[in-house]
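Student: The primary structure of each chain is shown beneath.
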Amino acid sequence: MLSRRQIQGLDRLFLFSTLLLLGIGLLALYSAAFQKTQMTGISFLHRQLVWAALGCGLAILLVVVDYHLWLEWSYPLYVLTLLLLGLVLVMGTVRGGAQRWLSVGGMTIQPSEFAKLATILAVARYLGNRPPISNRWSSVLGACILIGIPMAMILKQPNLGTACVFGFIGLAMLLVWGIPLRALVIVLSIALISIPLLWCFLEDYQRSRLMVFLNPNLDPLGAGYTVIQSRIAMGSGQFWGKGWLAGTQNQLNFLPERHTDFIFSVVGEEWGILGTTLCMTLFFLSFHRGFIIATQTRDPFGRLLIVGLITMLAAHTLVNMGMVMGMMPVVGLPLPFMSYGGSWLMTCLVAVGIILSVGVRRPVF
Amino acid sequence: MRLRILQRIIFGGLILLWIGLFVAQVLQGRQYREQSEKNRTRLIHLPAARGTILDRNGVPLAEDRITFELAALPQELTDPEQAWAALSPIVGISSEELAKRYRKGFQAKFSPVTLMRDLPRDLAFRLEEERERLPGVLVRPVPERNYPLGPAVGAAVGYLGLIAPEELTQLKPYGYTFRDRMGKDGLEQQYDSLLRGRDGGLHVEVNAQGRLVQQLGFLPPQRGRRIRVSLDAHLQEIAYQLLRGSRGAVMVMEVRTGEVLCLVSSPSFDPNAFMDSNRQSEIRSLLRNLDRPMFNRAIRAMVPPGSIFKAATAYQALKTGKISPATTFECRGEFHLGRAVFKCWDAEGHGPQNVVQGLQHSCNVFFYNTGRRLGVTGIGEAARLFGLGRSTGIDLPREAKGLVPDPEWMRKSAHHDWQEGDTISFGIGQSALQTTPLQMMRLFGAIATEGTLVQPHLLIAVEGETAPRRQGQALQLELNKAALATVKEGLEQVVNSDTGTGRLARMPNVRVAGKTGTAQVPNGAPHAWFCGYAPAESPRLSFVVFLEHGGKGGLYAGRIAGGLLAHLKEMGYL
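Line order of the protein sequences matches chains C and F. In terms of my numbering, the first sequence opens at residue 1 and continues consecutively. In terms of my numbering, the second sequence opens at residue 366 and continues consecutively.
Keep in mind that the hints were calculated from the coordinates and are not lab data. All of these numbers come straight from a predicted model, not from anything done at the bench. All residues carry an ideal CB built from backbone N, CA and C; glycine is no exception. Treat the hints with care, as some may be off.
[Said to hold, decoys possible] Covered, in the sense of this in silico footprint (three residues per stretch, anywhere, with C-beta under 8 Å from a C-beta of chain C), are these stretches of chain F:
hint	region
1	368-374
2	382-388
3	400-406
[Said to hold, decoys possible] Some chain C residues judged to face chain F by a derived CB distance under 10 Å, without partners named:
hint	residue
4	I273
5	T276
6	T311
Please put together the full structure from these sequences, using the hints given.
Tutor: Written out as structure tokens, the structure is:
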């Protein structure tokens, strides 16, 4: 149980920002799914509310329980998610040419989301046990292997976006841990060299998405359609927005995937730059608070954990917003707290719980 | 400190994104707003019906009627294969054929593809009932040009076609668009600006599937103007049947007003074929056909008139005193000029002939002599006096002018000097003289009316205009009455005397005047002509029958003229 002092140490700004993002996300989702709900009767909002409630409960549990317990369990958890990822490759559900989902009793879960958490825990424990003083090179190699295995399995699904997120998380954690600069250069160059190699292994739809990113008008009704329509939606929101439930791009069905990956363009269209700036400010605040907790904590495990989690959230935020605005290729990464999807929302809220958990246990001056 | 680096990278990214947002939403916002407006609205083109062309009695020669067509809307067609399979038993077309038509007709996702045209009414209703089962398939009403008389009016009415790209650049300022059909020949072309309506449009809001959400604006299409022409639909059909598909033309004209009652060219084409994309092969064969069905012989054939021109020669010779009504020439079947021999059509000869007999028997030897006395200038003057060598000004496109030769033309174009022999054959309507059937009919009209050289025309009234359009500008010729009376006597004898060449055109109650022609041509059988007017004492109509390589004018052309006159009488025109 938490002491009174610990409860007072709860980072309220971080909590407030994330909860507000969750609220905005639910409003945007209601608007995005409005037509679909009316036609099919399926309420995306209800489902998302259930997930949010579950996630919040889980987060509270995580704050209350000392996070070191999860670090103890990190390796078994890591192995478990690897097994799940293996299962996905063997018997996963195929949607849109990619095998990413597992069907469990009528529900589909996306193990790659949970794999992010398990890998962050495992890497935090591994690097936290090895101060960057001796055997630094072998530690780097070990961490790279820990990240590389799930990353490769996810790349095989194929899921390019999530695999990249693993790369970002790994780089960030190694950087903060104290990777020698020479090693960093080597890791980065390997990453750069592997890009052309990767191109050969890409599926056709991924290649076309990358090509279309370079020039969306290449295929305006096919792969480029989403980007063009999303950009039109964003831009047409102008300053004040077209109003909630009044976005023509959204309500008239021009935006595909608008309740999941492209939820931010609904915000942009209906709430204008006011809404988008508010979202960005909230994201900024939550990351900022996360970094403050990371600086203040004395626990190397806790710091690495926060770095991994904040990097995960930030990578998703930057890549998702970038792709919604047509500034990045469409790689299918959901926006934290806002995109529809149970696995992802739970992952985000678990991350919030862990960050807060580290926060309440940091020394307060 | 490493933490700070990571923080800066992430915050740097956020700032970059915010700049991107600012550019898109604030700086370029207006532009994107416009695009989203364009996205959500569509302009649906509503074609205007074309004006009807009525004949003199109000019978439609060309009209837009509402037909039903079966179309597929690509963006609503979720499963084409299944749709074809469901449609096939209803419409009785194999699903492969439907798939083929769909592939051929596909233009854009939101533009419907026509699968079947001119659906029978009960089939259209049946399809409409089955609509729920056939998503993406629709039955829509389309105005379609219809020509009830088909080939009988092909030459006169013309046909419609899509605007050629090079024409479009020129016509754009007048409101034509690439999808418009415009008149390509005949009345459809001549009066296109009257007949074409103003297209309308429907401004609607649609969703991403192109489904209609609501209507924003509507501009009703405006029907084109109805016009009335002087043709007689029934007469057109009779004349077309009389020709029985052989190459030629038949025309009838009111001599005083120049109103054309009948204008038929044969073989002809069915203008309906040009409106039906499934009749492409028929159009190709029309264009390849060596009998040239698309060629309007009535106004564009430039051919030697042969003996029917003798009427002009006779008038000119009488007027200028080169001959008198009493002058006779002896015909022994041949005429000698130096060593050259010119034959009369009757090798046994006609014996002594005066001008009336010369016309009556179409004696070449008489006119060789007359022509020689007139000389090339005199004959040319006669030809030009009666309007040959220039267009008549009929309100139809691309009328041929014909040719009246003279020594200068001969030097320039044929590269040899005018010989006396040329004058000899010029006098009987040969040599290089070229006329259209229309010009010859007008010439006979001028003789009949004793000098009214009309401008033949078809249009007589336009919807919305109070004054009738009788645009014919007749030229009043100062003709010599006595000379004309002699010529007219000759033309009456052609038909009404027992030795006349035009006996086949004789009528029991109406006195007909006319002239037969058998024009020699270098490549094949001679052209057969019969040209005349009736009633002889107070002429109302002039007519021409022209048969390309039709043989003897008195025989084949005369027979058709006889049939035509009988019908004219029956219809009350005579």
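Student: Which constraints among the numbered hints does this structure fail? Numbers only, ascending.
Tutor: As far as the earlier hints go, not one is violated by this structure.
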